[in-house]
Amino acid sequence: MSDKKIRVLVAKPGLDGHDRGAKVVARALRDAGMEVIYTGLRQTPEMIAEAALQEDVDVVGLSILSGAHMALAPRIMELLKANGQTHVKVFIGGIVPDEDIPRLMEMGISGVYGPGASTEDIVKDIREAIK
Amino acid sequence: MSLADSVLNGDRLALARVLTQIENDTPDGRAALDLLFPRTGKAHLIGVTGAPGTGKSSLVNRLALHFRTQNKRVAIVAVDPSSPFTGGAVLGDRVRMKDLSGDNGVFIRSMASRGSLGGLAQATAGMVQVFDAAGYDVIMIETVGAGQSEVDIARLAHTTLVVEAPGLGDDIQAIKAGILEIADILVVNKADRPGVENTEKALKSMLELAHPTQRVYSHHGKYMSVALPIEANTDMWIPPIVKTIATEGNGIPELAEQISKHAEHLRISGDWAARERARLESEMETALQEKLMSQFRERVPQVRYDEIMRQVFERNLSPGEAVKLLTNGRTK
Ligand code: B12
Ligand SMILES: Nc1nc2c(ncn2[C@@H]2O[C@H](COP(=O)(O)OP(=O)(O)OP(=O)(O)O)[C@@H](O)[C@H]2O)c(=O)[nH]1
Ligand SMILES: [Mg+2]
Numbered sequence: 000m001s002d003k004k005i006r007v008l009v010a011k012p013g014l015d016g017h018d019r020g021a022k023v024v025a026r027a028l029r030d031a032g033m034e035v036i037y038t039g040l041r042q043t044p045e046m047i048a049e050a051a052l053q054e055d056v057d058v059v060g061l062s063i064l065s066g067a068h069m070a071l072a073p074r075i076m077e078l079l080k081a082n083g084q085t086h087v088k089v090f091i092g093g094i095v096p097d098e099d100i101p102r103l104m105e106m107g108i109s110g111v112y113g114p115g116a117s118t119e120d121i122v123k124d125i126r127e128a129i130k
Numbered sequence: 000m001s002l003a004d005s006v007l008n009g010d011r012l013a014l015a016r017v018l019t020q021i022e023n024d025t026p027d028g029r030a031a032l033d034l035l036f037p038r039t040g041k042a043h044l045i046g047v048t049g050a051p052g053t054g055k056s057s058l059v060n061r062l063a064l065h066f067r068t069q070n071k072r073v074a075i076v077a078v079d080p081s082s083p084f085t086g087g088a089v090l091g092d093r094v095r096m097k098d099l100s101g102d103n104g105v106f107i108r109s110m111a112s113r114g115s116l117g118g119l120a121q122a123t124a125g126m127v128q129v130f131d132a133a134g135y136d137v138i139m140i141e142t143v144g145a146g147q148s149e150v151d152i153a154r155l156a157h158t159t160l161v162v163e164a165p166g167l168g169d170d171i172q173a174i175k176a177g178i179l180e181i182a183d184i185l186v187v188n189k190a191d192r193p194g195v196e197n198t199e200k201a202l203k204s205m206l207e208l209a210h211p212t213q214r215v216y217s218h219h220g221k222y223m224s225v226a227l228p229i230e231a232n233t234d235m236w237i238p239p240i241v242k243t244i245a246t247e248g249n250g251i252p253e254l255a256e257q258i259s260k261h262a263e264h265l266r267i268s269g270d271w272a273a274r275e276r277a278r279l280e281s282e283m284e285t286a287l288q289e290k291l292m293s294q295f296r297e298r299v300p301q302v303r304y305d306e307i308m309r310q311v312f313e314r315n316l317s318p319g320e321a322v323k324l325l326t327n328g329r330t331k
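Just so you know, the sequences run in chain order V and A.
The first sequence begins at 0 in numbering that gives the first Met the number 0 and counts up one residue at a time.
The second sequence begins at 0 in numbering that gives the first Met the number 0 and counts up one residue at a time.
Isolated chain V (complex conformation) (with noise of 0.2 Å):
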């Protein structure tokens, strides 16, 4: 009981329905002994944050194919400063083209993964940032 475990919020804001990536990641998250919340859906920026903070999250993932990733992270995370919570890492997975990464990483993205992403370097990833 007394082990600190991880926990993580995986989201899918926007509009598109492609949720199997983030269904893998998060059985992915979970075989690794994480404790991932669930959102579903057609999230907004708003519901994320607020999931975010009731959960007490220490990562929140996104998974973002609809190309609105330059709109919708940043207000995500403007949010959560917004809310107190600048400890939480960001990820996102989906379809980001390469010319936008650097500035995601900017933004203070954690990661941003692609098709064929390996799970095994994601949940290392995860386990690296917030040591």
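Hints may contain errors.
Stated by the list, open to error - Derived BS3-like pairs (lysine-lysine); straight-line CA-CA distance at most 30 Å: (1) V:K3 to A:K97; (2) V:K80 to A:K97; (3) V:K4 to A:K97; (4) A:K260 to A:K203; (5) A:K97 to A:K260; (6) A:K97 to V:K22; (7) V:K22 to V:K80; (8) A:K97 to V:K88; (9) V:K130 to V:K88; (10) A:K71 to A:K260; (11) V:K22 to V:K130; (12) V:K3 to A:K290; (13) A:K260 to A:K290; (14) A:K290 to A:K200; (15) V:K130 to V:K4; (16) A:K242 to A:K290; (17) V:K4 to V:K88; (18) A:K97 to A:K242; (19) A:K41 to A:K290; (20) A:K260 to A:K242; (21) V:K4 to A:K290.
What the hints contain is simulated information worked out from the structure, not anything from laboratory work.
Could you slot chain A with the ligands onto chain V? The hints should help.
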């Protein structure tokens, strides 16, 4: 300002943090509970249990919306199982509770069962106390209907809803034995599905077979009973059956009505106080056992313990004699 004070001031991040501390059973969590305890005892605790997929989360979502129209503040603790192999979990109850987002009068917290029997009950009870102290009027606890956790939650809650749905096997055997011992209200959800009548009929005949008895709980191998109110036999609560369609909201006002009737019944009959007393007693007992155990461990060196244990293995001492020897130096 301590974390507990921040919780009392309505700081939601502090609330979330305290919940984590309690879930992890840290010294900070325990200290916060001590500070918050005097403020507890006001909320109505509603347990929602039933087989996987019967619609518990969807019902909790609808009930919360209903309570919000009455201006009650609502907290939800949603428990899902941990994987016994990896200790991880996917907690998916929030998927059905999207309607509650954006309302500061609602706080939803997901929780993994973490595989420990007593631990789940203890952590859940602690979390509920925090919400209670923080001024939430209604606290709903959703748990998968599985043996011990179900009974533990029924002990914790004032009002327990057992959710059934058609299509799970509609004869009387399919409905779990012992259900009536924990159910204050029986919900037949998915009333839009074929077979509702069968499910309802099966529940009805179970109710007719059952005769009112004193509530007896088996808790960690101990039997505990909640005293019957004096006039119990004339004014016994018979669990009503309520049909709902959680996805559409049908039957929710009727269900909420039965919930408030049950609360009223508990208050009038004295059962509310009896339940509270039984719960606090068992909490006290657990705390006492833990304390005595740790005092014992401090006092008796491990080598001595191991030596006596060896004699038990060799059948030179019975476990009973061994305990006497360890606690008073004699075997008698
Ligand atoms: C399967 C699929 C669908 C399925 C989705 C089924 C479902 N329930 O998920 C269906 C057929 C429904 C579909 C529909 C559409 N699709 Co589609 N679809 C795909 C496809 C072929 C594969 C996606 C997939 O499931 N991959 C498997 C999973 C496991 O991989 P993944 O999601 O990439 O996840 C990995 C990583 O990205 C990362 N990851 C993902 N999420 C997360 C989260 C975290 C926290 C982390 C750390 C990592 C991570 O780790 C995962 C494991 O490696 C892709 C093309 C492609 N190669 O990606 C197009 C694609 C995503 N679709 C696309 C489009 C345009 C559409 C439609 C709009 C088509 C249309 N015009 O109707 C519709 C939209 C429907 C809707 N409602 O949104 C485009 C998106 C273009 C863009 N963003 O610029 C793509 C890229 C195809 C393309 N090349 O044009 N699609
Ligand atoms: N047809 C119908 N479907 C329903 C009803 N209530 C819930 N569902 C659906 O049943 C499925 C399970 O609902 P949940 O609310 O997640 O059930 P649950 O009991 O919380 O599930 P677990 O937490 O996984 O045990 C979802 O697809 C719901 O949309 C209902 O009244 N009628
Ligand atoms: Mg559920």
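Against the structure, the hints:
{"no.": "1", "hint": "V:K3 to A:K97", "result": "28 Å, holds"}
{"no.": "2", "hint": "V:K80 to A:K97", "result": "22 Å, holds"}
{"no.": "3", "hint": "V:K4 to A:K97", "result": "25 Å, holds"}
{"no.": "4", "hint": "A:K260 to A:K203", "result": "20 Å, holds"}
{"no.": "5", "hint": "A:K97 to A:K260", "result": "28 Å, holds"}
{"no.": "6", "hint": "A:K97 to V:K22", "result": "18 Å, holds"}
{"no.": "7", "hint": "V:K22 to V:K80", "result": "26 Å, holds"}
{"no.": "8", "hint": "A:K97 to V:K88", "result": "23 Å, holds"}
{"no.": "9", "hint": "V:K130 to V:K88", "result": "11 Å, holds"}
{"no.": "10", "hint": "A:K71 to A:K260", "result": "16 Å, holds"}
{"no.": "11", "hint": "V:K22 to V:K130", "result": "25 Å, holds"}
{"no.": "12", "hint": "V:K3 to A:K290", "result": "23 Å, holds"}
{"no.": "13", "hint": "A:K260 to A:K290", "result": "40 Å, violated"}
{"no.": "14", "hint": "A:K290 to A:K200", "result": "49 Å, violated"}
{"no.": "15", "hint": "V:K130 to V:K4", "result": "12 Å, holds"}
{"no.": "16", "hint": "A:K242 to A:K290", "result": "46 Å, violated"}
{"no.": "17", "hint": "V:K4 to V:K88", "result": "15 Å, holds"}
{"no.": "18", "hint": "A:K97 to A:K242", "result": "23 Å, holds"}
{"no.": "19", "hint": "A:K41 to A:K290", "result": "28 Å, holds"}
{"no.": "20", "hint": "A:K260 to A:K242", "result": "16 Å, holds"}
{"no.": "21", "hint": "V:K4 to A:K290", "result": "25 Å, holds"}
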